Amino acid sequence: MAFDWSSIPGSLPILWQGMIVTLQIALVGALVGILLGTLLALLRLSPSRLLSWLSAAYVTVFRSIPLVMVLFWFHLILIPLVVGLLFPGKRLELGFITALTAFSLFEASYYAEIIRAGILSVTKGQFNAGLALGMNRRQVMRLVILPQALRRMIPLLLTQAIILFQDSTLVYVINLDDFFRKAYNVGNTVGTLNEMILFAGAVYLVICTLASGCVRQLHRKLTVPAREIA
Amino acid sequence: MWLLDSTNHQSLITNHISLAAFDFSVFLRPSPESALNNLSYLLVGLGWSLLLALGSWVVAFVVGSVVGVMRTLPGRILPSIGACYVELFRNVPLLVQLFVWFFVVPDITPILGDWFKQQVPPIWQEFIAGTACLGLFTAARIAEQVRSGIGSLGTGQLGAGLALGLRRRQVYLLVLLPVAYRILIPTLTSEFLNLIKNTAVASTIGYLELAQRSASMAETTARVYEAFTAATLLYAALNLLVMFLARALERFTALPGFLGGDK
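Keeping their order, the protein sequence lines are chains A and B. Numbered according to our numbering, the first sequence spans residues 5 to 234. Numbered according to our numbering, the second sequence spans residues 3 to 265.
Only chain B is shown next, with the shape it has when bound in the complex (with noise of 0.2 Å):
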């Protein structure tokens, strides 16, 4: 499964000291996937992985803010069992999730976990157990933010909302959601970049993405520096596009009032 296990890796960089030496015709040179060039190859591996981060954010945002949201609530049970799952997904490594969803959970599933491992082609499985790993992982981390993002607001909002008929469920929907949301977009593009970043574990399971495609590019061209660079770069390149992309939104929906809410 494991392309990187070449022992003979230092007689391979020996060829590779000069940078002069970069070669830029690598890229436009058949691929493993002989159909592409190098560059298309890694190309296609950062919209896997930009699918991934996506496909996980879902996952992540809704089963987020529900545990968040459960940790905000009177009484004892919804809380302790949403500080649970907090503490369960952030005390594991990533790595032995990811092993769990794509090893374990399909073993000790009566006929769905059959039907996964015989059916399913296995890119999809590769994607379907990285996007419930990052999914439920990230949802941890995003339930502490709108935990203190609707703890940052203060029983003002939700005493007058209240007051005013709303039942306790319309008051978490309509008013102390989308401004805790709004608040937290800088805490959460942050967490969506360390999203990004996370997809590369999912190399381990053989999920051909980015950081995978590069060390297999690396592999059959030996053009190690040339691979690595390019994948770094286009990590970087996308790590700003989220950026810029975050910036404006938050431009957006900045609040009156608040801390760099008038501009």
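Isolated chain A (complex conformation) (with noise of 0.2 Å):
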């Protein structure tokens, strides 16, 4: 079978629009679930019981359930309960809500146990070396701890991001039109769908390769060599 690529440059500001509402997602979850993720992480390593067993219930439940589960959760269930109790009576476009919410939830699980890994990588010694220099926990946690863990996460977090790029295509089950799912409907109706969908394909590819190229440079610029420690 041909393929008919006639289609694909007049689709493009269509393919475009769709491309705005997956980088939405997919900056709103990373920073969101980052944010988040740094909250649960120091909620898991805190003296407090309750506290951390909370934290890790919270990443346990949403790591060990399929992201499609998690977006019909918030699709069906959750989003239109909390906006009926908010706003009783309207009737609001709540995919785009639904995404946003849904994603910087279920990745704040994810960048959470990167973050709890990072801080422990840090050695104990700086831990007390705070604590002797008078600083108070949250002292140290912030001056001394993360910022020698930001550095050595830094590429994991940029990679589960792009983790999260892809993932976002996953919205198709909420009917969210993204850019595959524009892609995916362009071909539908124009009757081109093979040709949609490997465009598609080739385009995330192109991204994420590049994205992924950036992020290897920027792992070895961030490496501090042993030396310098020593």
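Among the hints, erroneous ones may be present.
[What the hints assert, rightly or not] Pulled a few chain A residues facing chain B out of the computed Cβ check, cut under 8 Å: (1) F66; (2) P70; (3) V72; (4) L80; (5) P159; (6) T173; (7) V177; (8) D181; (9) T193; (10) G195; (11) T196; (12) N198; (13) I201; (14) C212.
[As the list claims (entries may be wrong)] Here are a few chain A residues that sit away from chain B, every Cβ distance over 10 Å (derived from the structure): (15) Q28; (16) V36; (17) L43; (18) R53; (19) L55; (20) I118; (21) R155.
[Stated by the list, open to error] In the SDA-like style, the derived pairs of lysine to any residue whose C-alpha atoms are separated by at most 25 Å in a straight line are: (22) A:K225 / A:L135; (23) B:K119 / A:N192; (24) A:K94 / B:A224; (25) B:K119 / A:T193; (26) A:K225 / B:E89; (27) A:K225 / B:K119; (28) A:K225 / B:G153; (29) A:K128 / A:I118; (30) A:K94 / A:N192.
Hints are computed from structural coordinates only; laboratory data are not their basis. No experiment lies behind these values; they were computed from the predicted model shown. Here a beta-carbon is modelled for each residue, glycine too, at the ideal position from N, C-alpha and C.
The two chains are supplied separately, each in an independent frame; assemble them into the complex guided by the hints.
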């Protein structure tokens, strides 16, 4: 079967609208996910048994459920429930809010594990040294541990953001028009579904390959050579 | 194809705000497949999820091992082919890959593609596309694990094997891979758990696995809470079961002399 690529140039503006939705989901998901993930990691490592357990439970629950299932929950239950309580009687377009919330909260559980591992990779001596200098726990965390941990984590956090960018295609199951869904719809109406699927795949491939190449470069730059420490 | 198109789900929800109204009897009522009740309907879905995960795992394990080994071989061509494979399958979203296997590949494959579209029953079309997609996708991840597993053994074992007169193929099959797989059991376990979760993506091509069945049960019974809670618990239970089995396998194959080896 021959391919017919002629419908692609004309549909680029529509696809770009979808790409904006995709980028918004990825950006918000990554930012909120990292903030919330840091909070979850700190709670997990806090001396309070209860807070630590709650954080662990949050992470475990989200990590043991498929993302598709999480999107179902937010799409049909959680978001309509909350919006129904806050704005009773109104009919709002909820798809986009659902995607932003679901991805932020879902990714937070993945970021929490990355950040926790990053914090734990800083040696205990650093913590004790901070305390010995007269700082309190919070100061040691903020001024000594987190800056070092963050430096080590940045490549992993960015890699996770690339994964998030790819996973955002799953908003397909809640009928939100992201880049891929737009491509699919155009392909379906024009009759060039195969070409559109391949084109969308190629776009993701180029973006993600470039992005992960940059992350690799950054990783090389950020790594502190051993002799510099010693 | 897709069932969750309900625009009136807000009204659907307001009937279910109270958790006290959790209605267990819904599981005993007839399902969308009317011969079964809803509970069996979901359990069959769990079975299809697991079958897809196991089928994909076989593909992923074989292809992933081959690609992973390729990346550790001397020379330039084979390692770069392996690297390209990993980049390609890691940098395209799973959903897009699935649509490529389900829509595009049968269309552009002469003869076999026509047979696939006309003779194979829909559920097996979805299963085969899902297995190819999830298998080759997961293979890229397993390849990275196998490569780092073999890398972690250093060159000493390879050198010792070659010095004993084994061929390179024999060193890999008899020495390096058996040790590498044992070290890798925990990471391979988490890959398998990821794979189980990823099977839910196959719901987008209409494969009636657990997530898709919970959605269609929610649609026909209007009991969204019950359907999603049951599906979520089933996923969690499968997760726990796999972790338990993996823990046992890990103990059984533990290597003395490695961290976590002697207990």
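The hints, checked one at a time:
Here the hint on F66 of chain A is broken, as its CB sits about 11 Å from the closest CB of chain B, past 8 Å. The beta carbon of P70 of chain A comes within 4 Å of a beta carbon in chain B, closer than 8 Å, and the hint placing it at the interface holds. Proximity of V72 of chain A to chain B holds as hinted, the smallest CB-CB distance being about 4 Å (cut-off 8 Å). With a least beta-carbon distance of about 5 Å to chain B, the hint placing L80 of chain A at the interface is held under the 8 Å criterion.
Against a cut-off of 8 Å between C-beta atoms, the interface hint on P159 of chain A is violated, since the closest Cβ of chain B lies about 15 Å away. Against a cut-off of 8 Å between C-beta atoms, the interface hint on T173 of chain A holds, since the closest Cβ of chain B lies about 4 Å away. Checking V177 of chain A against chain B: minimum C-beta separation of about 6 Å stays under 8 Å; hint holds. Annotation: D181 of chain A was flagged as interfacial toward chain B, and the flag is violated, the nearest CB pair being 14 Å apart, outside 8 Å.
For T193 of chain A, the shortest C-beta to C-beta distance to chain B is roughly 15 Å, which exceeds 8 Å, and the interface hint is violated. Below 8 Å, beta-carbon pairs count as interface contacts, and G195 of chain A has none with chain B, the closest being about 12 Å; its hint is therefore violated. A hinted interface residue such as T196 of chain A counts as satisfied when its beta carbon comes closer than 8 Å to some beta carbon of chain B; here the least separation is about 11 Å, so the hint is violated. The interface hint given for N198 of chain A is met, as the beta carbon of that residue sits about 5 Å from the closest beta carbon of chain B, less than 8 Å.
Because the closest C-beta pair between I201 of chain A and chain B is about 5 Å apart, less than 8 Å, the hint holds. Below 8 Å, beta-carbon pairs count as interface contacts, and C212 of chain A has one with chain B at about 4 Å; its hint therefore holds. The Cβ of Q28 of chain A sits about 17 Å from the closest Cβ of chain B, beyond the 10 Å cut-off, so the non-interface label holds. Look at V36 of chain A: its CB is around 21 Å from the nearest CB on chain B, clear of 10 Å, so calling it non-interface holds up.
L43 of chain A, annotated as away from the interface, keeps every beta carbon of chain B farther than 10 Å; the closest lies near 24 Å. Consistency note on R53 of chain A: stated as away from chain B, and its beta-carbon is indeed over 10 Å from all of that chain's, at 23 Å minimum. Residue placement check: L55 of chain A keeps its beta carbon more than 10 Å from all beta carbons of chain B (closest about 23 Å). The Cβ of I118 of chain A lies farther than 10 Å from every Cβ of chain B, with a closest approach of about 14 Å, so its non-interface assignment holds.
With a closest Cβ-Cβ approach of about 23 Å to chain B, R155 of chain A is found to remain outside the 10 Å limit, as its non-interface label requires. In summary, the hint linking K225 of chain A to L135 of chain A is not supported, as the alpha carbons are separated by about 30 Å, beyond the 25 Å threshold. For the proposed pair K119 of chain B and N192 of chain A, the alpha carbon gap of about 18 Å is at most 25 Å, so the pair holds. Pair hint K94 of chain A plus A224 of chain B holds up; C-alpha atoms about 21 Å apart against a cutoff of 25 Å.
Taking the CA atoms of K119 of chain B and T193 of chain A, the gap is about 21 Å. The hint holds against a cut of 25 Å. Of the supplied pair hints, the one linking K225 of chain A and E89 of chain B holds, its CA atoms being roughly 22 Å apart against a limit of 25 Å. For the proposed pair K225 of chain A and K119 of chain B, the alpha carbon gap of about 51 Å is over 25 Å, so the pair is violated. Simply put, K225 of chain A and G153 of chain B have alpha-carbon atoms about 23 Å apart, close enough for the 25 Å limit, and the pair holds.
The suggested pairing of K128 of chain A with I118 of chain A holds, with an alpha-carbon distance near 18 Å, which does not exceed 25 Å. At roughly 33 Å between alpha-carbon atoms, K94 of chain A and N192 of chain A are farther apart than 25 Å, so this suggested pair is violated.
Comparing the model with each earlier hint shows violations of hints 1, 5, 8, 9, 10, 11, 22, 27 and 30; every other hint is respected.
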